[in-house]
Amino acid sequence: MKSDEKQYELKIPSQTDNLELIRDFVSKVSAKVGFHDDDVDKIQIAVDEACTNVIKHAYDKEGEDHIGIIIKIDYQKLAIIVTDRGKGFDPKTLELPRMEAYLAELRVGGLGIYLMKTLMDEVNYDIQPGVRNEVRMVKYLLKDKNEKINFTSDTSQ
Amino acid sequence: MTGFEVTQKMNQDIAVLYLKGFLDAHTAPDLEKAFKDLIEEHKYNILVNFFDLDYISSAGLGVFMGFIEKIRENNGDIRMSNMTPKVFKIFDLLGFPKLYRIFKNEQEALTSFTE
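Quick note, the sequences are listed as chains A and B, same order.
Under this note's numbering, the first residue of the first sequence carries the number 1003, and numbering increases by one thereafter.
Under this note's numbering, the first residue of the second sequence carries the number 2, and numbering increases by one thereafter.
Extracted from the complex, chain B is given alone in its bound form (with noise of 0.2 Å):
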């Protein structure tokens, strides 16, 4: 099985999350807890980078619509980059993405942090 990784670095004030495999419902508690952490620890500015997710489904997508208003209203945001055209298309589909801004890679994500 190769099941799901997510890994954290920090950069300057921005969490930047790097998720790596599948990402369903038994591995989106995995993210969820990442989350829960960022939070605990007050740190609302939060980069996903999607380089080596192979697959989302709508368990995966439900983890980022559970912590964006809480995010949010502590002037945070979670930003996203670096996804593969299949993962994009499944949030394309939803309509995610004028909900979320996706960049095409880190450095311009992570430059949005400070506009």
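Isolated chain A (complex conformation) (with noise of 0.2 Å):
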């Protein structure tokens, strides 16, 4: 870990009854390193739609096993990793839905993505099916990437 770096990390049984929990946990750390409310509401969607995807899709019955929450923060953002060891899948076949289209249809499920994908700033997977299956979401503290917050400057500048 790079100095400037803080970490905080949760492993939690698979089960939507710990929902709640992960939320709390993900909007605590959030506020705390400075994001505002709207910001800290995006993420915690955001986390909870990628472990309710963990919970139904990556193990077979809910409890079976763990999700891992890592929060890396450093002076620009916030990184989210979500861990499982479940069966993944091919990040490849997973389609935004054309919200238009999708609602015209009345479909069910896979809002979620959707969700992830716009209201973080990325989301990314890395997944080894039973070995360690990851979606990462970054949001930046600040719009523009490249600015680093100085916490030590007068903001009124």
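Possibly wrong hints are sitting among the right ones.
With a cut-off of at most 30 Å between alpha-carbon atoms, the simulated DSBU-like pairs for lysine-lysine come out as follows [what the hints assert, rightly or not]:
no. : chain 1 : residue 1 : chain 2 : residue 2
1   : A       : Lys1063   : A       : Lys1079
2   : A       : Lys1030   : B       : Lys21
3   : A       : Lys1013   : B       : Lys87
Keep in mind that the hints were calculated from the coordinates and are not lab data.
Here the structure is a predicted model, which means the values were calculated and not measured.
From these two lone chains plus the hints, build me the complex, please.
Structural data, given as structure tokens:
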């Protein structure tokens, strides 16, 4: 870990009744490092969606295994890595629904991926079925990715 | 844990569902059950009041998608009211206001069923 990076981790049984606990963990860490309420809400939903996918699709039974949630913070961004060792999936087959067509067809499900991609700045996958599957989502503290927060500077400048 | 609660009240022939708490993959089956019960009782005019709902994820949104077709086929509708800005943002992001009529308050929503 780089010296200006902080890391928070949670390992929790893969069960829907833990979603609230996961959201609390993620919200509190995001708020602590300076995200505004609006962004905290977005991060919380994106992580809920990623973990719900693990609970519903990665493992055969609820509570069969664990979900790992790792939050890495540096001066400009928060990266959340959601891990499991379930059956995995092929990210290439994940289609982002076209919302207009989606609504016209009154389809159920599949909205989670859309929310994750819309609410976070980056979403990437690293899939090794049965070993380690990883969804990595990033939110920048500032809109300009190249700008670093200088905690000692006068913010009114 | 704060969880989720759904309660129901009849207003003439309109069933009003009051949602409270957190609607996610864990609690969505409770809302599903409420809709199933209404459909079994042939109550197709449904208003969902979101006043006390603090949170919704796609699992919760999916419940509305799962029942709307059946309800409209029976000349009913799911209408919505009293959403907090946080919950409305998620509906809006997914384009749901095009599919569902969302009202500021319960009275406006109830009146809309008589139009």
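Here is what the structure says about each hint:
1. Lys1063/A <-> Lys1079/A: Roughly 34 Å between the alpha carbons, so the hint for Lys1063/A and Lys1079/A is violated.
2. Lys1030/A <-> Lys21/B: 22 Å, holds
3. Lys1013/A <-> Lys87/B: Given that 30 Å is the threshold and the Cα spacing comes to 28 Å, the pair holds.
Going down the numbered hints, you'll see the structure goes against just number 1.
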